[in-house]
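There are 2 protein chains.
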Amino acid sequence: MKRGMCIRASRFSARRLHLRPVTTHHHLSDLHAALRPGVFDLGLGHPDPALLPLDAIQRASAQAIARYGAHALGYGYATGPGPLADWLRHRIAQREGRLPDADEIAITGGISHALDQLVTLCTQPGDVALVESPTYHLAVRILRDRPLKLIAIPGGPDGLDVDALSELIGALKRQGERPSLLYCVPTFNNPTGLCWRDEVRRAVVALAERERILIVEDDAYRELAYDGDAPPSLWRIAPMGVVARLGSFSKSLAPGMRVGWITAGRDLIARVRTCGVMDSGGGPNQFATMTVAAYCEDGAFEPQVARFVETYRARRDALMRALATHLPAGWQAPTPAGGFFVWVRLPAGLSSEALLPVAEAEGVSFVPGRRFFCDGRGGNEALRLAFTLYPPAQLEEAAVRLAQAMRRCC
Amino acid sequence: MKRGMCIRASRFSARRLHLRPVTTHHHLSDLHAALRPGVFDLGLGHPDPALLPLDAIQRASAQAIARYGAHALGYGYATGPGPLADWLRHRIAQREGRLPDADEIAITGGISHALDQLVTLCTQPGDVALVESPTYHLAVRILRDRPLKLIAIPGGPDGLDVDALSELIGALKRQGERPSLLYCVPTFNNPTGLCWRDEVRRAVVALAERERILIVEDDAYRELAYDGDAPPSLWRIAPMGVVARLGSFSKSLAPGMRVGWITAGRDLIARVRTCGVMDSGGGPNQFATMTVAAYCEDGAFEPQVARFVETYRARRDALMRALATHLPAGWQAPTPAGGFFVWVRLPAGLSSEALLPVAEAEGVSFVPGRRFFCDGRGGNEALRLAFTLYPPAQLEEAAVRLAQAMRRCC
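Protein chains in written order, with my numbering: chain A, 1 to 410; chain B, 411 to 820.
Hint data in this document are derived by calculation from the structure and do not stem from the laboratory.
Wrong hints could be hidden among the right ones.
Partial list, derived from the structure: chain B residues whose beta carbon lies under 10 Å from chain A [unchecked claim]:
#1 Y546
#2 K559
#3 E587
#4 M667
#5 M730
Covered stretches of chain A, as calculated for chain B (at least 3 residues, CB under 8 Å) [claimed, not checked]:
#6 56-64
#7 222-229
#8 251-260
#9 263-277
Just so it is clear, the structure is predicted and the values come from calculations on it, not from any experiment.
Idealized CB from N, CA, C, for every residue including glycine.
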């Protein structure tokens with residue numbers, strides 16, 4: 001269960017939505033944190049519900065049925081709804097300078113579903129999957145639902161450690177193993193908020209091409225760029241077939257639409273489109289995808305993204321200011337140029353897992369850094385804060401509470 | 411790609427929806443059949459687009475946003491949208507006489523997605539999966555996307571062959587193997603349209619319980635009962651945990667909603683709710699599920715099902731009459747009491763695969779029986795006709811053309 005579910009439950013009637021406690025440790029801790037009144041939960045990595053374009057989506061869904069009729073309610077097409085694929089292809093061309101051919105893009109049920117599908121289609125039991133560390137912890141859960149060996153590749157402020165990646169691949173080859181994929185979030189990373197530098201992007205792409213490793217690029221945050229354009233995607237700079245780039249409307253429109261896309265090589269796109277689930281169930285949710293198509297065709301996408309960017313930029317700035325003003329000395333947090341998150345390194349000797357209960361007692365919560373390391377090694381000196389959910393005044397109060405908790409732990 | 415996609419493409423502008431030819435043999439043949447003007451494609455197993463409740467769904471989607479606000483556009487809950495789960499639980503109790511507890515039901519993205527998820531969660535690479543034969547051919551494709559050994563279990567007019575099932579399980583045990591699941595469509599079967607007899611249902615449930623094999627019951631057609639109530643589901647008569655029953659709104663509302671449900675044991679439901687995809691992506695498409703919730707809460711479900719039933723019953727009757735009137739002697743086709751399909755056994759010596767091109771030349775298409783046998787053994791003397799897509803007059807003309815093709819092949 002997503003952390004995000006918890007606070008929504010506390011705010012919008014858990015009883016009505018039958019939110020039930022779930023059993024894994026971090027879920028329970030989430031639930032307690034979220035259901036405790038007066039806790040600012042900066043662990044929640046999701047959009048502010050107050051910013052979701054309810055009216056525009058209501059209009060778009062009516063438009064979808066008026067415009068596409070029974071198409072909008074049918075099985076959908078393996079090629080995905082043409083109007084949405086078209087709009088996406090031309091937007092990608094305009095924003096990224098590379099036009100995916102019609103057979104280089106597939107509409108998906110969001111990044112999580114696309115990742116799940118890629119793992120089914122592109123890995124064999126026992127395969128090695130490489131995972132950037134730190135990385136999006138819930139993507140790791142999707143990988144763990146399969147019999148794969150996960151190996152963490154360290155990342156730094158400039159991006160993935162290319163030398164470590166190269167050495168590891170060499171060591172695996174000497175053992176007769178070849179990783180089948182590399183999962184990473186190179187742009188406005190979750191949890192660090194940082195972007196890989198250009199040389200790192202090019203080096204990782206070159207290495208993956210040479211070693212025939214599929215790069216699965218989670219590009220969920222591209223639209224949320226607060227200080228100029230996002231860097232080019234790995235897909236943009238890679239030769240055909242090296243990268244499967246996963247895009248989504250969850251951050252740029254609304255998570256509940258569960259609509260995303262993949263840009264990748266023709267062969268992989270063909271496999272995604274013709275796999276059993278697509279063959280039987282049709283495309284991903286046709287009603288939702290045609291609603292998103294109508295929304296985008298009618299020009300609603302850009303202004304809504306601009307609203308998100310403007311609001312989240314102000315919240316990011318407010319949180320960074322508040323941290324600088326209130327936290328005790330010794331912490332570090334690079335300012336993210338986009339996305340949802342700030343990655344805070346604590347003063348020496350302070351553990352984020354030890355800090356969490358103290359912080360929650362003070363009325364603020366976060367995700368301890370260790371959760372973003374698929375091998376559990378590292379991250380205990382860091383924590384992830386999301387700045388998207390609360391307005392500036394509440395973010396400042398959250399920082400005051402975090403500072404108080406840190407003082408109590410020192 | 412679904413057969414259904416093809417004819418929609420031909421009718422509703424293939425170009426606009428970017429329908430592309432796909433590469434596997436039967437898809438190409440589908441495409442040719444469907445794109446050839448004047449062919450009645452009784453191979454297409456999907457609802458008549460003209461019967462889909464466009465206005466009611468348009469109202470429901472507006473209602474969903476008005477009623478649930480940001481809930482309808484959020485990540486959703488691992489428990490699924492409470493209003494829809496509640497409505498389903500009480501409808502199931504009312505119709506089937508067994509009330510699933512709140513933790514015995516999960517909302518899914520339709521049966522295909524649910525099956526895909528169950529296979530991921532409930533099988534290990536190399537496991538044996540038992541498949542009723544004949545059975546829904548596209549479900550088999552979902553199973554084939556995994557490294558499983560599929561074994562066909564013969565079915566007859568009364569349902570699955572329990573003795574054959576029992577002997578096979580014994581033989582597998584002697585080889586040290588235990589099947590992990592049994593996939594079947596016991597009610598208004600696809601492709602035969604028939605229902606398992608009550609003794610068969612009870613015997614298969616008892617055997618599966620004794621041998622600890624999960625029965626995956628595809629219950630897609632339950633609502634479409636034309637001659638009295640559908641027989642009890644295997645889930646209804648089984649002890650907790652033996653059966654995972656997959657339900658769907660694709661046939662009773664619209665395929666494009668991609669909303670379904672699972673009723674199963676608590677442990678399995680908990681695993682479905684907390685697996686990686688659900689944890690990361692949230693519930694299945696929240697916007698679509700909340701739209702279906704509003705649609706059902708507002709009383710639109712029953713009258714629409716009644717419209718489908720009334721229309722499809724008349725079409726079934728018209729097709730059966732037309733077959734009896736026009737087909738040359740020697741064929742057999744039991745009248746289905748529900749669902750979408752009639753299973754026609756051809757006169758001795760006539761092969762459905764040999765008949766197909768001749769029939770398509772005459773302007774009628776169908777699915778050859780062999781496609782519904784996961785081991786490719788059997789079915790060549792039979793074919794599947796869907797009676798849902800065309801009005802009675804066109805069904806009669808289709809039967810006339812089929813009869814002409816049969817005469818040309820004899």
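Tested hints:
1. Y546: Constraint on Y546 (chain B) satisfied, holds at 8 Å.
2. K559: Constraint on K559 (chain B) not satisfied, violated at 14 Å.
3. E587: This hint is violated: E587 (chain B) lies away from chain A, its Cβ roughly 17 Å from the closest one there, beyond 10 Å.
4. M667: It holds, given that the least Cβ distance between M667 (chain B) and chain A is near 5 Å, below 10 Å.
5. M730: M730 (chain B) check fails; min Cβ-Cβ to chain A is 26 Å, beyond 10 Å.
6. 56-64: This one holds; 4 residues, not fewer than the three required, reach chain B with a Cβ under 8 Å.
7. 222-229: violated (count 0)
8. 251-260: holds (count 5)
9. 263-277: holds (count 6)
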